[in-house]
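Protein chains: 6
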Amino acid sequence: MAAYFKKCQDKLGFVPNVLAAYAFDNAKLETFVAMYNDLMLGDSGLSKLEREMIAVAVSSQNRCYYCLTAHGAAVRQYSGNPLLGEQIVMNYRAARLDRRQRAMLDFAVKLTSQPWGVEEGDRERLRRAGFTDRDIWDISAVVGFFNMSNRVASATDMRPNTVYHGQAR
Amino acid sequence: MAAYFKKCQDKLGFVPNVLAAYAFDNAKLETFVAMYNDLMLGDSGLSKLEREMIAVAVSSQNRCYYCLTAHGAAVRQYSGNPLLGEQIVMNYRAARLDRRQRAMLDFAVKLTSQPWGVEEGDRERLRRAGFTDRDIWDISAVVGFFNMSNRVASATDMRPNTVYHGQAR
Amino acid sequence: MAAYFKKCQDKLGFVPNVLAAYAFDNAKLETFVAMYNDLMLGDSGLSKLEREMIAVAVSSQNRCYYCLTAHGAAVRQYSGNPLLGEQIVMNYRAARLDRRQRAMLDFAVKLTSQPWGVEEGDRERLRRAGFTDRDIWDISAVVGFFNMSNRVASATDMRPNTVYHGQAR
Amino acid sequence: MAAYFKKCQDKLGFVPNVLAAYAFDNAKLETFVAMYNDLMLGDSGLSKLEREMIAVAVSSQNRCYYCLTAHGAAVRQYSGNPLLGEQIVMNYRAARLDRRQRAMLDFAVKLTSQPWGVEEGDRERLRRAGFTDRDIWDISAVVGFFNMSNRVASATDMRPNTVYHGQAR
Amino acid sequence: MAAYFKKCQDKLGFVPNVLAAYAFDNAKLETFVAMYNDLMLGDSGLSKLEREMIAVAVSSQNRCYYCLTAHGAAVRQYSGNPLLGEQIVMNYRAARLDRRQRAMLDFAVKLTSQPWGVEEGDRERLRRAGFTDRDIWDISAVVGFFNMSNRVASATDMRPNTVYHGQAR
Amino acid sequence: MAAYFKKCQDKLGFVPNVLAAYAFDNAKLETFVAMYNDLMLGDSGLSKLEREMIAVAVSSQNRCYYCLTAHGAAVRQYSGNPLLGEQIVMNYRAARLDRRQRAMLDFAVKLTSQPWGVEEGDRERLRRAGFTDRDIWDISAVVGFFNMSNRVASATDMRPNTVYHGQAR
Numbered sequence: 001m002a003a004y005f006k007k008c009q010d011k012l013g014f015v016p017n018v019l020a021a022y023a024f025d026n027a028k029l030e031t032f033v034a035m036y037n038d039l040m041l042g043d044s045g046l047s048k049l050e051r052e053m054i055a056v057a058v059s060s061q062n063r064c065y066y067c068l069t070a071h072g073a074a075v076r077q078y079s080g081n082p083l084l085g086e087q088i089v090m091n092y093r094a095a096r097l098d099r100r101q102r103a104m105l106d107f108a109v110k111l112t113s114q115p116w117g118v119e120e121g122d123r124e125r126l127r128r129a130g131f132t133d134r135d136i137w138d139i140s141a142v143v144g145f146f147n148m149s150n151r152v153a154s155a156t157d158m159r160p161n162t163v164y165h166g167q168a169r
Numbered sequence: 001m002a003a004y005f006k007k008c009q010d011k012l013g014f015v016p017n018v019l020a021a022y023a024f025d026n027a028k029l030e031t032f033v034a035m036y037n038d039l040m041l042g043d044s045g046l047s048k049l050e051r052e053m054i055a056v057a058v059s060s061q062n063r064c065y066y067c068l069t070a071h072g073a074a075v076r077q078y079s080g081n082p083l084l085g086e087q088i089v090m091n092y093r094a095a096r097l098d099r100r101q102r103a104m105l106d107f108a109v110k111l112t113s114q115p116w117g118v119e120e121g122d123r124e125r126l127r128r129a130g131f132t133d134r135d136i137w138d139i140s141a142v143v144g145f146f147n148m149s150n151r152v153a154s155a156t157d158m159r160p161n162t163v164y165h166g167q168a169r
Numbered sequence: 001m002a003a004y005f006k007k008c009q010d011k012l013g014f015v016p017n018v019l020a021a022y023a024f025d026n027a028k029l030e031t032f033v034a035m036y037n038d039l040m041l042g043d044s045g046l047s048k049l050e051r052e053m054i055a056v057a058v059s060s061q062n063r064c065y066y067c068l069t070a071h072g073a074a075v076r077q078y079s080g081n082p083l084l085g086e087q088i089v090m091n092y093r094a095a096r097l098d099r100r101q102r103a104m105l106d107f108a109v110k111l112t113s114q115p116w117g118v119e120e121g122d123r124e125r126l127r128r129a130g131f132t133d134r135d136i137w138d139i140s141a142v143v144g145f146f147n148m149s150n151r152v153a154s155a156t157d158m159r160p161n162t163v164y165h166g167q168a169r
Numbered sequence: 001m002a003a004y005f006k007k008c009q010d011k012l013g014f015v016p017n018v019l020a021a022y023a024f025d026n027a028k029l030e031t032f033v034a035m036y037n038d039l040m041l042g043d044s045g046l047s048k049l050e051r052e053m054i055a056v057a058v059s060s061q062n063r064c065y066y067c068l069t070a071h072g073a074a075v076r077q078y079s080g081n082p083l084l085g086e087q088i089v090m091n092y093r094a095a096r097l098d099r100r101q102r103a104m105l106d107f108a109v110k111l112t113s114q115p116w117g118v119e120e121g122d123r124e125r126l127r128r129a130g131f132t133d134r135d136i137w138d139i140s141a142v143v144g145f146f147n148m149s150n151r152v153a154s155a156t157d158m159r160p161n162t163v164y165h166g167q168a169r
Numbered sequence: 001m002a003a004y005f006k007k008c009q010d011k012l013g014f015v016p017n018v019l020a021a022y023a024f025d026n027a028k029l030e031t032f033v034a035m036y037n038d039l040m041l042g043d044s045g046l047s048k049l050e051r052e053m054i055a056v057a058v059s060s061q062n063r064c065y066y067c068l069t070a071h072g073a074a075v076r077q078y079s080g081n082p083l084l085g086e087q088i089v090m091n092y093r094a095a096r097l098d099r100r101q102r103a104m105l106d107f108a109v110k111l112t113s114q115p116w117g118v119e120e121g122d123r124e125r126l127r128r129a130g131f132t133d134r135d136i137w138d139i140s141a142v143v144g145f146f147n148m149s150n151r152v153a154s155a156t157d158m159r160p161n162t163v164y165h166g167q168a169r
Numbered sequence: 001m002a003a004y005f006k007k008c009q010d011k012l013g014f015v016p017n018v019l020a021a022y023a024f025d026n027a028k029l030e031t032f033v034a035m036y037n038d039l040m041l042g043d044s045g046l047s048k049l050e051r052e053m054i055a056v057a058v059s060s061q062n063r064c065y066y067c068l069t070a071h072g073a074a075v076r077q078y079s080g081n082p083l084l085g086e087q088i089v090m091n092y093r094a095a096r097l098d099r100r101q102r103a104m105l106d107f108a109v110k111l112t113s114q115p116w117g118v119e120e121g122d123r124e125r126l127r128r129a130g131f132t133d134r135d136i137w138d139i140s141a142v143v144g145f146f147n148m149s150n151r152v153a154s155a156t157d158m159r160p161n162t163v164y165h166g167q168a169r
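Chains as they are written, first to last, in the working numbering: chain A, 1 to 169; chain B, 1 to 169; chain C, 1 to 169; chain D, 1 to 169; chain E, 1 to 169; chain F, 1 to 169.
Just chain A, same shape as in the assembly (with noise of 0.2 angstroms):
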């Protein structure tokens, strides 16, 4: 995976830590890298600024340092919008959200909170404001990656680079 370091540095500028705490293990690393790249940069009806969202949304309910500092300087990035990014950190209800992103997000937070609690009426909702199935599957795939990750990164005290804390603001 050296390549892929090497293309972080070259694109980001920095290779961020969480690719750090993998790399002892090729396996596992290439493993993430593989489905972090598909749920939050391939073809999805979510832009990549929604899926943004939903990575710091959930990582507000978990609390999860790491992953609130680097996908909310990605809110900021992506949308433009450097209060947006703060207001999800904080609470996502305070943010001025259309109709379809208020959903969005009120489902990934419950599925975070409550995920035994979600059923069809919870799918409606969705469809209602406007997903298909397969969005409702990408919602519910980069809501569980996070709770994936910020347990990861709590478990194991991942520390965020320091370059995020200042971007796009």
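FYI, nobody ran anything at the bench for these hints, they're computed from the structure.
For clarity, every value in this text was computed on a predicted model and none was experimentally measured.
Among these hints, one or two may not hold up.
[As the list claims (entries may be wrong)] Where chain F lies over chain E, by a calculated footprint (3+ residues, C-beta under 8 angstroms):
| # | region |
| --- | --- |
| 1 | 34-46 |
| 2 | 139-150 |
[What the hints assert, rightly or not] In silico DMTMM-like links for lysine to aspartate or glutamate, alpha-carbon gap of 20 angstroms or less:
| # | chain 1 | residue 1 | chain 2 | residue 2 |
| --- | --- | --- | --- | --- |
| 3 | F | Lys48 | F | Asp133 |
| 4 | F | Lys48 | F | Asp38 |
| 5 | A | Lys48 | B | Asp25 |
| 6 | D | Lys28 | C | Asp43 |
| 7 | C | Lys110 | E | Asp106 |
| 8 | E | Lys28 | F | Asp43 |
| 9 | C | Lys48 | D | Asp106 |
| 10 | C | Lys110 | C | Glu124 |
| 11 | E | Lys110 | E | Glu120 |
The beta carbon of each residue, even a glycine, is placed where N, CA and C say it ideally should be.
Chains B, C, D, E and F: place on chain A using the hints.
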């Protein structure tokens, strides 16, 4: 991935429904299977049974019908102890675990329900129970993985293959 | 109560451990058995299966190993549907219940987890699902009884007879 | 049970509304009264005041208006200390309890709010505070009983006799 | 503030212990008294009784012994209804409130227990129950004030004057 | 209070929106400002930075967008450490605090989320970390104040001045 499904059929006698659910998109199926196989079947200081015990304890906290059914069966099989599988489904504190496995599941359940509160003291407790830092990574990665899978399964109403129910009773 | 134990032995093939636990004092055993038999086996607008379903849904909320084991077996037996017993143990929302039984278990779980919040609106929902006021009493009394039994069992580390695990799989 | 009601009227000056509520069915009234009298008035290593203190601490956790009113009055009467009754209604930690009674109520409140987490360590704390295993049974049985009664009372909107409010102020 | 204490003594017959607690620093006492008097005794669309009802409902949520005792007495006095004071201490849902006061206390309790979830829909419910936007400010300010006072009282083990217990029974 | 607003404008370059919100009534504005200035700027054994750290830790627990924004900026400014402000917003446990400040924030968060459970043992922990009883009062008063302000801000949808977002990054 048709070859992989064939292999499942030959080895298990069926294709787990979770794989069928992911199969609408080959990239998603491959990354899921790669991560699953590395975590649950790859080299680790944790036995395969221990990894399945974590899967069930996490899924019990999240009340995930799919994962409790499939991985509860795995605990019954790997341990040769049908009661152990039931106990971890219902309340892992009811199982008569040795100190190592109890510490492992206490950590798994705290990381599931209060990820924000996991700190050095929690890792220290695992070390005192005999786990290395690499083991702590593996525990955390399995906890993370099932916090992801539980949510994808609940969000999409995934249903376990009926065959699991009767296995290893 | 020796005659009663004999009757259990003849009818069930064993004496449930809960009875053995109460048997240190005849008055306590008698009042427990009298209340149990009236509630679970006496006349009611609820079928015996429905009363056992409530027992399991309540015990799942309280994560009571004894009661989930013994009454999970009873749901499997009365319903002739092994999956139903497992589903209510794990997450009753995963069971495909009709409107009546879903309303009944929703009420049971709310009364278990937030008894302070149960009000006329909750009773009204039961009535709209077809229950009479007498039925509501019976549901409430069974919910209450298992909120008692779950706590006595957990507080005294009561262990279910091993035989339950294999019943009606 | 008419004789029993007569006895209540003679001794207390009124028939507690809970008995009136159960009186629609003689079998239910009899089993309730038999269990209540055994637990709250029968032989025990716990004083009657201590059993009433448990009743109030449990009912405060469940915010049961009926039981807090009726048993709050009982604590005021048995203790001759009106403040003690109020304190346990409001927050038992505010009462200046000796070590034995504090351990007893800590156990009662944990068994009420997290029955799944009660284990040998909790019983051990009671033993260190001077309780025998029989006492632990009695504490648990009273905790269980009020977790039942609180729910039957809330579910059926049971209202306490007005007379309790003014007693032993 | 000696004159103010004299006024309390003359009017109430005692100096509330909360004032004695703040009296170690004149500036702190004065700002506390000024805010209290403005909020609880100043002009408002809420009656003094309604403001005391909010005080008690909030303090019940926070289980504050001092405030439940002092303001429970105030509800009994202002309402001339001893039961109402007890009901709001125990569980405000048990009181037979009109629509306006029920909406007011529902809002107060939600703002106390889940301040992050209060949104326009919650304010809308208050408006539909007849409250103006200025009333909503006053409700919120009283809720806020007792969320402050409850914590100062609990943190410093403040004890209510004994005289409150017997008032207006 | 026009003079005070003028002073804010001269000193800060803007009038904090919270003051504008209170300005509809001079008495309310004055009591709020007086209490705020005494608590946050007056003499205390706590530094101004420490009082702001408490403000942010409490506001994070209550997920208050206004207070996290305004006081997060204050922590960044007073500490000269932009990361510290972010960490306390996200999860104060992620900050590398010394023993004194960690004990202070642990107390603040417990008093915020479980005020009913704060007892002598909690105060004792603060004393062992070097705090006097007067310091404990000041910590509690600041915790109380922000539990008030968070709720007034959330209840009235108060929005922070945009300028805070870019300060001291």
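Do the hints match the structure? See the list:
Counting residues of the region 34-46 of chain E whose CB lies closer than 8 angstroms to any CB of chain F gives 4, so the stated coverage by that chain holds, three being the minimum. Here the region 139-150 of chain E counts 10 residues with a CB under 8 angstroms from a CB of chain F, which clears the bar of 3, and the coverage holds. A distance of roughly 18 angstroms separates the Cα atoms of Lys48 (chain F) and Asp133 (chain F); the hinted pair therefore holds under the 20 angstroms criterion. For the hint pairing Lys48 (chain F) with Asp38 (chain F), the CA-to-CA distance comes to about 11 angstroms; that is within 20 angstroms, so the pair holds.
Restraint check: the Cα-Cα separation between Lys48 (chain A) and Asp25 (chain B) comes to about 19 angstroms, which is no more than 20 angstroms; the hinted pair holds. Restraint check for Lys28 (chain D) and Asp43 (chain C): the C-alpha separation of about 11 angstroms stays at or below 20 angstroms, so the hint holds. In summary, the hint linking Lys110 (chain C) to Asp106 (chain E) is supported, as the alpha carbons are separated by about 18 angstroms, within the 20 angstroms threshold. With a C-alpha separation of about 11 angstroms, the suggested pair Lys28 (chain E) and Asp43 (chain F) falls inside the 20 angstroms cut-off, and the hint holds.
For the suggested pair Lys48 (chain C) and Asp106 (chain D), the alpha carbons sit about 36 angstroms apart, so the restraint of at most 20 angstroms is broken. About 14 angstroms separates the Cα atoms of Lys110 (chain C) and Glu124 (chain C), which keeps this hinted pair within 20 angstroms; it holds. For the proposed pair Lys110 (chain E) and Glu120 (chain E), the alpha carbon gap of about 13 angstroms is at most 20 angstroms, so the pair holds.
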